[in-house]
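Note that the protein sequences, when read in sequence, are chains P and Y. All residue numbers for the first sequence refer to our numbering, where the first residue is 1 and numbers rise by one. All residue numbers for the second sequence refer to our numbering, where the first residue is 1 and numbers rise by one.
Worth flagging that the hints you see were computed from the coordinates, not collected in a lab. Since this is a predicted model, take the numbers as computed values, not measurements. Idealized CB from N, CA, C, for every residue including glycine. Each hint should be verified, as a subset may be incorrect.
As the list claims (entries may be wrong) - In silico lysine to aspartate or glutamate, DMTMM-like type, Cα no more than 25 Å apart, as pairs:
{"#": "1", "chain 1": "Y", "residue 1": "LYS442", "chain 2": "Y", "residue 2": "ASP366"}
{"#": "2", "chain 1": "Y", "residue 1": "LYS291", "chain 2": "Y", "residue 2": "ASP366"}
{"#": "3", "chain 1": "Y", "residue 1": "LYS82", "chain 2": "P", "residue 2": "GLU27"}
{"#": "4", "chain 1": "Y", "residue 1": "LYS367", "chain 2": "Y", "residue 2": "ASP400"}
{"#": "5", "chain 1": "Y", "residue 1": "LYS367", "chain 2": "P", "residue 2": "ASP63"}
{"#": "6", "chain 1": "Y", "residue 1": "LYS87", "chain 2": "P", "residue 2": "GLU27"}
{"#": "7", "chain 1": "Y", "residue 1": "LYS340", "chain 2": "P", "residue 2": "GLU27"}
{"#": "8", "chain 1": "Y", "residue 1": "LYS23", "chain 2": "P", "residue 2": "GLU96"}
{"#": "9", "chain 1": "Y", "residue 1": "LYS87", "chain 2": "P", "residue 2": "ASP92"}
{"#": "10", "chain 1": "Y", "residue 1": "LYS442", "chain 2": "Y", "residue 2": "ASP412"}
{"#": "11", "chain 1": "Y", "residue 1": "LYS367", "chain 2": "P", "residue 2": "GLU27"}
{"#": "12", "chain 1": "Y", "residue 1": "LYS417", "chain 2": "Y", "residue 2": "ASP382"}
{"#": "13", "chain 1": "Y", "residue 1": "LYS82", "chain 2": "P", "residue 2": "GLU3"}
{"#": "14", "chain 1": "Y", "residue 1": "LYS23", "chain 2": "P", "residue 2": "ASP63"}
{"#": "15", "chain 1": "Y", "residue 1": "LYS335", "chain 2": "Y", "residue 2": "GLU257"}
{"#": "16", "chain 1": "Y", "residue 1": "LYS23", "chain 2": "P", "residue 2": "GLU3"}
Stated by the list, open to error - Per the computed footprint, the stretches of chain P lying under chain Y, defined by three or more beta-carbons under 8 Å from a beta-carbon of chain Y, are:
{"#": "17", "segment": "24–30"}
{"#": "18", "segment": "38–48"}
{"#": "19", "segment": "51–65"}
{"#": "20", "segment": "79–88"}
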Amino acid sequence: MTEIANFISQNLQLIYVVILMVFVGVEIIGHVPTVLHTPLMSGANAIHGVIIIGAILVMLGADSNNILAQSLGFVAVLLGTLNVVGGFVVTDRMLEMFKKKK
Amino acid sequence: MDYIFSLEFIYLVASITYILGLKMLGLPETARRGNLIAAAGMTLAILGTIFLYQGEVATHIYILIGIAILIGTIIGWVVAIKVAMTKMPELVSLFNGMGGASAALIGLIEFQHYTGETLSTATILAGIIIGSVSFSGSMIAWGKLNGTIKKPFRLPKYNVVNNVIILVLVLFAAYITWSSSSSQLFLYILFFGALAYGILFVLPIGGADMPVVISLLNSFTGLAAALGGFLYGNMVMLTGGILVGSAGTILTFAMCEAMNRSLVNVIFGEFGNVSENENESDSHSVKGDIKKTTVSDVAILMNYSQRIIFVPGYGLAVAQAQHAIHELELLLESKGIEVKYAIHPVAGRMPGHMNVLLAETNVDYDKLAEMDDVNPEFQSTDVVFVVGANDVVNPAAHNDTASPIYGMPILDVENAKQIIVNKRSMKPGYAGIENELFYNQKTSMLFGDAKAIIQALITELKGM
Numbered sequence: 001m002t003e004i005a006n007f008i009s010q011n012l013q014l015i016y017v018v019i020l021m022v023f024v025g026v027e028i029i030g031h032v033p034t035v036l037h038t039p040l041m042s043g044a045n046a047i048h049g050v051i052i053i054g055a056i057l058v059m060l061g062a063d064s065n066n067i068l069a070q071s072l073g074f075v076a077v078l079l080g081t082l083n084v085v086g087g088f089v090v091t092d093r094m095l096e097m098f099k100k101k102k
Numbered sequence: 001m002d003y004i005f006s007l008e009f010i011y012l013v014a015s016i017t018y019i020l021g022l023k024m025l026g027l028p029e030t031a032r033r034g035n036l037i038a039a040a041g042m043t044l045a046i047l048g049t050i051f052l053y054q055g056e057v058a059t060h061i062y063i064l065i066g067i068a069i070l071i072g073t074i075i076g077w078v079v080a081i082k083v084a085m086t087k088m089p090e091l092v093s094l095f096n097g098m099g100g101a102s103a104a105l106i107g108l109i110e111f112q113h114y115t116g117e118t119l120s121t122a123t124i125l126a127g128i129i130i131g132s133v134s135f136s137g138s139m140i141a142w143g144k145l146n147g148t149i150k151k152p153f154r155l156p157k158y159n160v161v162n163n164v165i166i167l168v169l170v171l172f173a174a175y176i177t178w179s180s181s182s183s184q185l186f187l188y189i190l191f192f193g194a195l196a197y198g199i200l201f202v203l204p205i206g207g208a209d210m211p212v213v214i215s216l217l218n219s220f221t222g223l224a225a226a227l228g229g230f231l232y233g234n235m236v237m238l239t240g241g242i243l244v245g246s247a248g249t250i251l252t253f254a255m256c257e258a259m260n261r262s263l264v265n266v267i268f269g270e271f272g273n274v275s276e277n278e279n280e281s282d283s284h285s286v287k288g289d290i291k292k293t294t295v296s297d298v299a300i301l302m303n304y305s306q307r308i309i310f311v312p313g314y315g316l317a318v319a320q321a322q323h324a325i326h327e328l329e330l331l332l333e334s335k336g337i338e339v340k341y342a343i344h345p346v347a348g349r350m351p352g353h354m355n356v357l358l359a360e361t362n363v364d365y366d367k368l369a370e371m372d373d374v375n376p377e378f379q380s381t382d383v384v385f386v387v388g389a390n391d392v393v394n395p396a397a398h399n400d401t402a403s404p405i406y407g408m409p410i411l412d413v414e415n416a417k418q419i420i421v422n423k424r425s426m427k428p429g430y431a432g433i434e435n436e437l438f439y440n441q442k443t444s445m446l447f448g449d450a451k452a453i454i455q456a457l458i459t460e461l462k463g464m
């Protein structure tokens with residue numbers, strides 16, 4: 001029991017953020033027309049590419065003699081970049097088409 | 001003043017751009033700007049992370065990061081620009097898998113640095129499981145959407161097997177955590193186990209349900225990113241990840257609702273249970289004869305109509321007939337005929353996919369009618385032209401309780417005066433079931449490639 005209490009008190013800020021963000025996410029998607037579901041999913045897909053920050057941190061913190069960690073980290077950064085760049089670009093392409101309205 | 005240039009502040013700004021960007025993506029007028037704002041925030045966060053890092057880093061590591069980002073940017077950009085719009089859903093799935101894989105790899109590297117720290121280890125292992133499932137699951141979804149993997153593949157008792165596997169994986173992760181084990185062998189067993197689960201999780205699910213699966217895996221990857229944020233106490237990963245996790249979950253439910261299926265239904269496969277009785281239902285669902293028609297007959301029919309509604313499906317996109325149908329629409333309108341497109345929420349391969357495809361060819365946004373708006377209008381419509389759509393106009397959804405699509409909202413095209421169905425053959429649609437609409441008295445079948453047929457119609461109509 002004390003462990004749980006400790007955990008909560010030590011991570012209070014993070015817990016606040018998590019809870020509020022859950023509600024923000026739900027609110028944002030609430031009333032979106034079906035037309036925009038695909039671009040929205042694609043946009044959200046690009047945003048979770050934020051995992052690349054973690055991959056960069058892994059690389060920056062990697063022991064410069066640890067080849068395995070560096071190789072895996074390299075691949076992680078590469079894949080994360082694909083997620084971010086590909087995600088945003090393809091979303092932009094989809095939305096570009098809606099713009100052409102006369 | 002210095003705080004403005006601190007990493008925390010940059011992360012705060014980036015987090016706000018994600019929220020704002022996602023919010024703006026929900027409105028047609030602001031969607032494109034929203035996407036760009038989120039992308040700008042992401043760029044800022046990435047640059048900040050690299051250049052404001054506190055600690056000593058060997059130069060070659062910076063170079064490696066630079067190369068990885070450069071290669072990723074070039075490949076990602078080129079692929080995203082080059083891909084045909086019909087192939088878009090599988091591309092989203094592919095990029096989603098990349099994110100999941102990245103999350104899993106981070107966990108694999110960080111595991112050894114946190115041995116003995118219960119909470120961090122648990123976070124890392126959860127990240128590995130979720131990231132791996134998202135990766136291998138997305139790859140299967142990608143294969144299914146582009147047609148590499150055709151049939152749903154099911155192990156005997158696959159639901160039981162899958163649930164046992166995930167339970168074992170979670171218990172195994174719990175064991176590694178509590179025993180403070182530093183075994184790399186255990187770590188990789190968990191990693192490959194999770195990859196296998198992702199494959200087995202998606203394989204039994206039918207191709208028609210892939211959008212829901214991709215959306216679900218999308219929110220999984222968000223969760224994996226958030227776990228990474230928790231591990232590093234990194235706010236931007238936490239906010240971005242949780243945001244996508246929760247938004248993705250809601251989006252998944254919205255998609256299920258559009259198909260009138262529950263998520264449990266999609267994952268544990270009511271489809272599967274019904275299709276086992278397929279042979280039985282086939283025997284009594286095929287009844288009567290179909291009526292074939294010709295291009296010139298249809299052209300005459302259209303020429304003397306007042307209201308026509310097009311019902312495009314994925315078949316239209318496969319035949320690359322979007323431009324042709326737009327031309328047909330303009331031609332008919334020049335003859336004073338009212339033309340509209342009825343768009344089912346799941347027409348194409350993803351909700352809204354058909355809208356994107358038609359918008360690409362400059363079809364006026366206002367001509368695309370959503371299902372609920374257009375359904376009452378079919379009664380006063382002279383001709384409905386169904387092109388490459390099947391399951392979304394199947395009346396079995398209304399009146400056959402034994403049908404796997406029973407209860408799914410459909411376009412009520414059978415209320416129109418005449419129905420013309422263009423298909424390549426009598427082959428059933430994505431859900432693999434018969435469609436009694438084709439046997440309806442008011443229905444005429446116009447077999448052939450959508451593009452060729454529509455172009456022939458245009459030629460005929462021009463001569464009238």
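Are there hints from earlier that the structure breaks, and if so, what are their numbers? Those not satisfied are hints 1, 2, 3, 4, 5, 6, 7, 11, 13, 14, 15, 16.
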